[in-house]
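Student: First to last, the sequence lines map onto chains U and W. Residue 31 is where the first sequence starts when you use the numbering used here, and the numbers rise one by one after that. Residue 31 is where the second sequence starts when you use the numbering used here, and the numbers rise one by one after that.
Since the hints were derived computationally from the structure, they do not count as laboratory data. It is possible that some hints are incorrect.
Remember, identical chains collapse to one label, so a pair may be satisfied in a single copy or spanning two.
[What the hints assert, rightly or not] With a straight-line cut-off of 25 Å between C-alpha atoms, the simulated BS3-like cross-links for lysine-lysine are:
(1) LYS416 to LYS108
(2) LYS81 to LYS201
(3) LYS393 to LYS76
(4) LYS444 to LYS65
(5) LYS160 to LYS81
(6) LYS280 to LYS422
(7) LYS111 to LYS307
(8) LYS416 to LYS47
(9) LYS401 to LYS200
(10) LYS201 to LYS400
(11) LYS427 to LYS51
(12) LYS110 to LYS441
(13) LYS47 to LYS299
(14) LYS39 to LYS110
(15) LYS441 to LYS216
(16) LYS409 to LYS51
(17) LYS39 to LYS409
(18) LYS160 to LYS444
Number of protein chains: 2
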Amino acid sequence: MTQLESARKGKLTAEMKRVAKQEGISQRKLLNAVKRGIVVIPANEKHRNLKPIGIGEQLRTKVNANIGTSPNDKSLAKEKKKLKVALAAGTDTVMDLSIGGNINKIRRELLKACPVPFGTVPIYQAVVGKNLVSLGEGDFLRAIETHIKDGADFITVHSGVRRRAIPLVKKREMGAVSRGGSFLLKWMEHNGRENPLYENFDYILDMAHEYDCTLSLGDGLRPGCIADATDRAQLSELRTLGELQKRAFKRGVQCMIEGPGHIPLNQIKRNVELEKKYCSNAPFYCLGPVVTDVAPGYDHITCSIGGALGAYYGINFICYVTPAEHLKLPGIEDVREGVIAARIAAHAADVGRGMPKALEWDKKMAKYRKKLDWNGMIKTALDCGKASQYRKSSKMKTDACSMCGRYCALKVMK
Amino acid sequence: MTQLESARKGKLTAEMKRVAKQEGISQRKLLNAVKRGIVVIPANEKHRNLKPIGIGEQLRTKVNANIGTSPNDKSLAKEKKKLKVALAAGTDTVMDLSIGGNINKIRRELLKACPVPFGTVPIYQAVVGKNLVSLGEGDFLRAIETHIKDGADFITVHSGVRRRAIPLVKKREMGAVSRGGSFLLKWMEHNGRENPLYENFDYILDMAHEYDCTLSLGDGLRPGCIADATDRAQLSELRTLGELQKRAFKRGVQCMIEGPGHIPLNQIKRNVELEKKYCSNAPFYCLGPVVTDVAPGYDHITCSIGGALGAYYGINFICYVTPAEHLKLPGIEDVREGVIAARIAAHAADVGRGMPKALEWDKKMAKYRKKLDWNGMIKTALDCGKASQYRKSSKMKTDACSMCGRYCALKVMK
Numbered sequence: 031m032t033q034l035e036s037a038r039k040g041k042l043t044a045e046m047k048r049v050a051k052q053e054g055i056s057q058r059k060l061l062n063a064v065k066r067g068i069v070v071i072p073a074n075e076k077h078r079n080l081k082p083i084g085i086g087e088q089l090r091t092k093v094n095a096n097i098g099t100s101p102n103d104k105s106l107a108k109e110k111k112k113l114k115v116a117l118a119a120g121t122d123t124v125m126d127l128s129i130g131g132n133i134n135k136i137r138r139e140l141l142k143a144c145p146v147p148f149g150t151v152p153i154y155q156a157v158v159g160k161n162l163v164s165l166g167e168g169d170f171l172r173a174i175e176t177h178i179k180d181g182a183d184f185i186t187v188h189s190g191v192r193r194r195a196i197p198l199v200k201k202r203e204m205g206a207v208s209r210g211g212s213f214l215l216k217w218m219e220h221n222g223r224e225n226p227l228y229e230n231f232d233y234i235l236d237m238a239h240e241y242d243c244t245l246s247l248g249d250g251l252r253p254g255c256i257a258d259a260t261d262r263a264q265l266s267e268l269r270t271l272g273e274l275q276k277r278a279f280k281r282g283v284q285c286m287i288e289g290p291g292h293i294p295l296n297q298i299k300r301n302v303e304l305e306k307k308y309c310s311n312a313p314f315y316c317l318g319p320v321v322t323d324v325a326p327g328y329d330h331i332t333c334s335i336g337g338a339l340g341a342y343y344g345i346n347f348i349c350y351v352t353p354a355e356h357l358k359l360p361g362i363e364d365v366r367e368g369v370i371a372a373r374i375a376a377h378a379a380d381v382g383r384g385m386p387k388a389l390e391w392d393k394k395m396a397k398y399r400k401k402l403d404w405n406g407m408i409k410t411a412l413d414c415g416k417a418s419q420y421r422k423s424s425k426m427k428t429d430a431c432s433m434c435g436r437y438c439a440l441k442v443m444k
Numbered sequence: 031m032t033q034l035e036s037a038r039k040g041k042l043t044a045e046m047k048r049v050a051k052q053e054g055i056s057q058r059k060l061l062n063a064v065k066r067g068i069v070v071i072p073a074n075e076k077h078r079n080l081k082p083i084g085i086g087e088q089l090r091t092k093v094n095a096n097i098g099t100s101p102n103d104k105s106l107a108k109e110k111k112k113l114k115v116a117l118a119a120g121t122d123t124v125m126d127l128s129i130g131g132n133i134n135k136i137r138r139e140l141l142k143a144c145p146v147p148f149g150t151v152p153i154y155q156a157v158v159g160k161n162l163v164s165l166g167e168g169d170f171l172r173a174i175e176t177h178i179k180d181g182a183d184f185i186t187v188h189s190g191v192r193r194r195a196i197p198l199v200k201k202r203e204m205g206a207v208s209r210g211g212s213f214l215l216k217w218m219e220h221n222g223r224e225n226p227l228y229e230n231f232d233y234i235l236d237m238a239h240e241y242d243c244t245l246s247l248g249d250g251l252r253p254g255c256i257a258d259a260t261d262r263a264q265l266s267e268l269r270t271l272g273e274l275q276k277r278a279f280k281r282g283v284q285c286m287i288e289g290p291g292h293i294p295l296n297q298i299k300r301n302v303e304l305e306k307k308y309c310s311n312a313p314f315y316c317l318g319p320v321v322t323d324v325a326p327g328y329d330h331i332t333c334s335i336g337g338a339l340g341a342y343y344g345i346n347f348i349c350y351v352t353p354a355e356h357l358k359l360p361g362i363e364d365v366r367e368g369v370i371a372a373r374i375a376a377h378a379a380d381v382g383r384g385m386p387k388a389l390e391w392d393k394k395m396a397k398y399r400k401k402l403d404w405n406g407m408i409k410t411a412l413d414c415g416k417a418s419q420y421r422k423s424s425k426m427k428t429d430a431c432s433m434c435g436r437y438c439a440l441k442v443m444k
């Protein structure tokens with residue numbers, strides 16, 4: 031039985047109990063949310079030692095860190111370090127997007143070392159090292175099966191990329207920027223056939239159902255620049271994702287919806303509303319969004335702006351963007367910065383939504399600040415290490431900070 | 031004649047012509063905005079070689095960098111470096127908040143080297159090295175006079191901090207966190223008298239009028255934590271600032287309103303609306319706002335989230351916050367990071383507001399990206415140096431980036 035099916039039968043699972051406790055909400059409320067498909071608990075039966083979390087409405091906003099090799103950097107050791115750093119920085123989930131080296135081995139090793147929900151994109155497995163256009167339907171489906179059986183807690187399937195979208199994508203400034211999306215568009219155009227992940231969606235549901243792998247319905251047509259945001263290609267895919275979500279829900283398979291991408295501030299609210307409307311309020315999992323194209327090297331910041339606003343309006347799960355985005359494969363420090371920036375966005379949204387635990391955290395920091403209690407401030411900081419390092423580098427021996435010294439407003443007011 | 035008085039007489043100044051050209055709006059439109067007090071052009075007659083800019087509605091969102099010594103770091107050389115770095119990073123204005131060393135000398139040297147509008151906070155001059163509570167009214171006013179005569183294009187005066195606010199501040203979680211605000215509160219409580227900058231506001235207007243120094247009405251009662259946001263102390267001061275703005279406007283003195291501070295996402299829109307309502311749509315100059323208290327070491331990011339959303343709703347001028355905020359006096363690299371983060375916020379807001387020049391910039395980046403034209407991308411980046419450094423470090427010899435290599439979606443789609 032999947033979490034969704036258990037909820038339908040009113041049966042509280044161990045995972046639900048854990049999540050309800052973490053979030054400080056009643057078990058009944060959580061069970062009801064899982065039952066409605068507005069909360070998912072990605073927890074593949076095969077993933078040992080998993081600490082499950084919940085993603086969706088009424089819960090703390092979660093963040094994901096993408097790691098993985100590339101054809102230009104195939105080091106498993108480096109990806110293991112990235113996993114460690116991402117976990118230490120407080121990511122809620124990790125996705126392995128490896129497309130270089132022995133990706134079966136890499137995925138299995140990373141999954142084994144990962145105590146948080148672990149996601150993958152099986153289509154890469156099918157395509158890497160092969161001649162894309164000559165792949166058969168079975169190649170795509172076998173990759174999905176392998177990942178599910180390996181224990182992936184959630185997998186991205188780009189089932190919403192339809193053949194009819196090809197002319198819409200060609201009209202765009204940027205075309206398609208999703209790897210999975212571009213693979214499928216090329217395959218469909220070359221073979222004159224429909225997307226095999228759409229055609230075989232029921233079969234994919236059966237596979238996901240067997241191990242309770244959560245489907246993350248990929249946005250293969252996400253806009254790759256501000257000028258393409260919320261365009262027909264994007265929205266037509268979103269409508270398809272809404273239909274597929276209903277099929278998954280009916281089948282008892284947990285499901286999230288992936289979202290853009292590059293979206294300007296004025297379109298974020300509408301994007302969230304459309305996802306909730308088309309997709310029956312299923313959890314919304316967004317890459318950013320980044321709110322401008324012009325800041326390569328700082329896309330963790332453009333992502334934190336869009337992610338914060340989006341999560342305030344209802345994005346439930348923010349996929350981090352690192353400073354390396356649009357420029358290179360992220361390094362270890364990029365991973366750390368990306369997780370922190372996404373966590374800031376998620377927390378700022380939770381504060382804006384008035385979530386009691388989030389507000390308490392901020393109040394605690396304010397209390398230590400007023401007392402000029404530096405140990406308290408550092409302990410309470412989202413990144414204690416960074417706060418501590420700054421404080422130390424100021425070499426202050428009094429309780430003031432080096433900005434105002436004895437002219438500190440808090441000292442003046444005492 | 032001040033810019034405001036010229037506009038009233040329908041006389042286009044050289045500064046207005048320059049600003050209209052920069053912004054790509056008609057001279058008539060700009061003149062009308064200056065006349066209504068919804069745009070200011072801070073340009074002290076005594077500031078030689080100034081390249082004036084406009085701040086306010088319908089214009090590009092501007093950013094300010096605060097620099098200045100502290101009692102713990104009095105080096106003029108370091109502040110000069112900060113000025114250079116801030117200018118190179120693209121700040122629109124600079125404020126000198128020095129409270130350490132020979133602050134007259136520091137201010138004059140920095141002003142001389144500063145081609146962009148230069149702001150100061152004269153109350154520091156009055157207080158530093160003195161016994162605060164025994165200062166006379168004249169001490170405060172003389173400091174203001176000195177700064178205006180030295181050529182400050184805009185000065186912060188905390189004229190809105192009223193004696194009646196003292197009990198409101200005492201009820202807060204954090205009290206007052208503005209240096210100027212705390213000085214005045216302590217002075218008023220000790221001396222049992224009203225704020226001299228409020229009592230002598232007409233005299234301050236006369237002084238500002240003489241050299242067309244723009245008044246930036248300070249928010250001495252800005253909230254210092256999320257829990258104090260939009261409270262009675264803050265709003266009562268904002269109402270007073272609205273009255274003072276009307277008096278400045280009547281006197282022909284240009285005027286901006288300073289704003290918070292620590293504001294959660296859900297209160298930003300309301301804060302902007304209240305400023306516009308109480309203060310006759312005068313330009314709104316905000317410190318951030320930062321949207322959570324828990325991220326010391328990353329307050330350039332919390333500021334960019336709040337600043338972007340605020341500027342989207344109508345903040346016209348974002349005062350940067352550096353990663354060092356709440357921890358120490360910013361170093362040179364903090365200044366650079368602070369300016370970049372604030373510029374990202376300002377630009378993201380301008381994109382969201384649909385400003386044609388902002389949208390063009392993003393489109394240009396998308397065009398280069400689609401072509402995988404790295405020189406074009408780097409030239410177009412908000413921080414070319416950072417983008418270039420990332421690209422170089424990836425050691426790619428092909429036109430792809432090291433994230434996807436030959437699996438690059440843009441290459442697949444070609």
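Student: Provide an ascending list of the numbers of those earlier hints which the structure does not satisfy.
Tutor: As far as the earlier hints go, 2, 3, 4, 5, 6, 7, 8, 11, 12, 13, 14, 17 are violated by this structure, in ascending order.
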